[in-house]
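Undergrad: Chain B: place on chain A using the hints.
Number of protein chains: 2
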Amino acid sequence: MDTLIATAHYAIAADRRDPLRHFRDRFVFGEEPMLYMDGNSLGRLPKVTIGLLHDAIEEQWGRRLIRGWNEGWYTLSRRLGAKVATIIGARPHEVVVCDSTSVNLFKLVEAAGRTVAAAPTDFPSDLYVVRDRQSTNGELRLVNAVDFRSGTLADFDRGGFELWDLSHAVGVLPLDLTRRRVALAVGCTYKYLNGGPGAPAFLYVREDLQNQLANPIRGWFGHARPFDFAPDYEPAPGIDRFLVGTPPVLSLLAMEPGLDLTIEAGIPALRAKSIALTEYMIALHDELLAPFATEVVTPRDPALRGSHVSIRHPEAWRITRALIEQHQVIPDFRAPDLIRFGLAPIYTSFEEVRDAIVRLRAVLKSRSYLAFSAEREGVT
Amino acid sequence: MDTLIATAHYAIAADRRDPLRHFRDRFVFGEEPMLYMDGNSLGRLPKVTIGLLHDAIEEQWGRRLIRGWNEGWYTLSRRLGAKVATIIGARPHEVVVCDSTSVNLFKLVEAAGRTVAAAPTDFPSDLYVVRDRQSTNGELRLVNAVDFRSGTLADFDRGGFELWDLSHAVGVLPLDLTRRRVALAVGCTYKYLNGGPGAPAFLYVREDLQNQLANPIRGWFGHARPFDFAPDYEPAPGIDRFLVGTPPVLSLLAMEPGLDLTIEAGIPALRAKSIALTEYMIALHDELLAPFATEVVTPRDPALRGSHVSIRHPEAWRITRALIEQHQVIPDFRAPDLIRFGLAPIYTSFEEVRDAIVRLRAVLKSRSYLAFSAEREGVT
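Those protein sequences? They're chains A and B, same order as listed. So for the first sequence, my numbering puts the first residue at 1; every next one is plus one. So for the second sequence, my numbering puts the first residue at 1; every next one is plus one.
Next up, chain A with everything else stripped away, as it sits in the complex:
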């Protein structure tokens, strides 16, 4: 290797100094030497989730059956919500976990009943949801906390009546929703929170707004007394009114260990490591990829970025294929020309970051990506 920072020795030493290094052992690592850089699309499986789901299936569903609802399932959305609240700096009764991010966004936008200001760079699916209410001078501002392409942070302290999508931020950044007086928020749990594939999303409503807003989808879990089976809808007081139907219990139960690990590691330590990892990747890019037509589109000021690094190259699609299929590096391709490396601080090592850039250099140098079709396929 060319320089000190690009040596395996340097990376190994950085890992040895990492105060979070032991958290890596709490996750399943299967087919090494795979370098998984897609924890911002689907986080790794916590080891403890395996036994917990075994119990959920065989004992809770298999043996307790319907009694499971009285033995913990019924309050799961709130119990998990309180844990997410800890992670995003909100109060425990301000968050519930339920439905998908899009459904939750729809509920909050319709509940707010205002025009929405959104940026063309916001997550496309968010734009689909708010479309009918969109207006340049919207009274409610949609804020994507971290840009899903470049990793750029939103202006967190602009203020006003805002609805934040925290999907690419939760678990890696101090969000301080209460301190910032954020009105509304939604976000994914299957990315940095390691909640499992398609794990239900969370929904936050600031305490003073909860009883002023009505859920546009009135379901029995949002009712004040669901099991009275009363003919009239009476919204539950507080955050519960934003629930709708019976939640997918197995997917909810699978989520808890990921939240617990995040809380145990702590956001300050996760943020510090996230900065160190992204800083290291950018430095390696500059050192090792200088001869090639790549460009880091993620901000170089760590105060302005989240936990992924996006590298631009006109052949990004084919390079991503080559990384996955020839080199066991798994980043994400984002159209039209980005290779996106998600660096989940809870389990990603400096050695992995170093090896990923070394393998990317090998692909660029050998032009092995030319063996792949330029035709895009697949879904992720």
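Intra- or inter-copy, both count: the list cannot distinguish identical chains.
SDA-like mimics (lysine to any residue), calculated; alpha carbons at most 25 Å apart, straight line:
| id | residue 1 | residue 2 |
| --- | --- | --- |
| 1 | K365 | M34 |
| 2 | K47 | G266 |
| 3 | K47 | G72 |
| 4 | K47 | M34 |
| 5 | K47 | E59 |
Source of the hints: derived by calculation from the structure; they are not laboratory data. Keep in mind it's a predicted model, so treat the numbers as computed, not measured.
TA: Leaving out everything else, chain B in the frame of chain A:
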């Protein structure tokens, strides 16, 4: 016992003649002698689901990680939908599995954009969803295929523009949606389909209506090309447009064995056994409970009922508590005065039906239910 039909011998002989008796062995039975009569609230765990979820967690999530989306997850909603279609007599491309029943009902009611005629006896949560559009002369009729209290079937052949809630019917009745030209339908998969606690619901739209209707919740899974991340929403052609966000994969995967077992057993055989079980329970009621103040509110004509039997008694709440806590019989209480016995034909035996009524008689005779508080608590 008083009469021939109330003898254990009679019940055992009926089980021996039951052509579906071997399906019982395909489900987990834990703490016998529990008599589980609540398969219409939460169906039992198929044995094969255990291994399948083990693979879903350890292999698919744990080792394949994000690649799982290209290896089956992305098409799960449609693949499971096609299986539900087989069960409800629809075409494979007319059904998807996603979200909760309430969210799906909301999507279809808003997509139809018509006034809705609903009955006060419809499932309360359905009434909450349709409330804003409700009208006595509604252009869209909401039909609860099986009344959740009494078990009475709806008039299946009335026709018109209808939205059916099949929650208490799917898996135990021939529904023939295509033959009946039903326009729209939704339903649960965690009851007679044994899909697991809170398993996502299904949504059916008749082929000719699909491209005329717009999903009010525009999410990326309903987009024609979700992974283009295009700024504009373009609804997918066909049934896919009714999808919204990323679905809870573990809960979806858990559902498949229940659907497969239902298809394997076949609706005609399940319906025949369901009639035999409910007929037997009503006959036992008449034979054994004559001295007590009970009344079967479920229709006595099998052509008019689904697969549960509801028995009315002024002390239904306390009797249900006594059955559960003293006699290991698990029915459902439905306010104000019903004890509801769900008889899932795929795993319920005649012996269980007989024993449940024998134990109910013991409770009524001893008045042991007076030991329980009349104050209702718990959630199910």
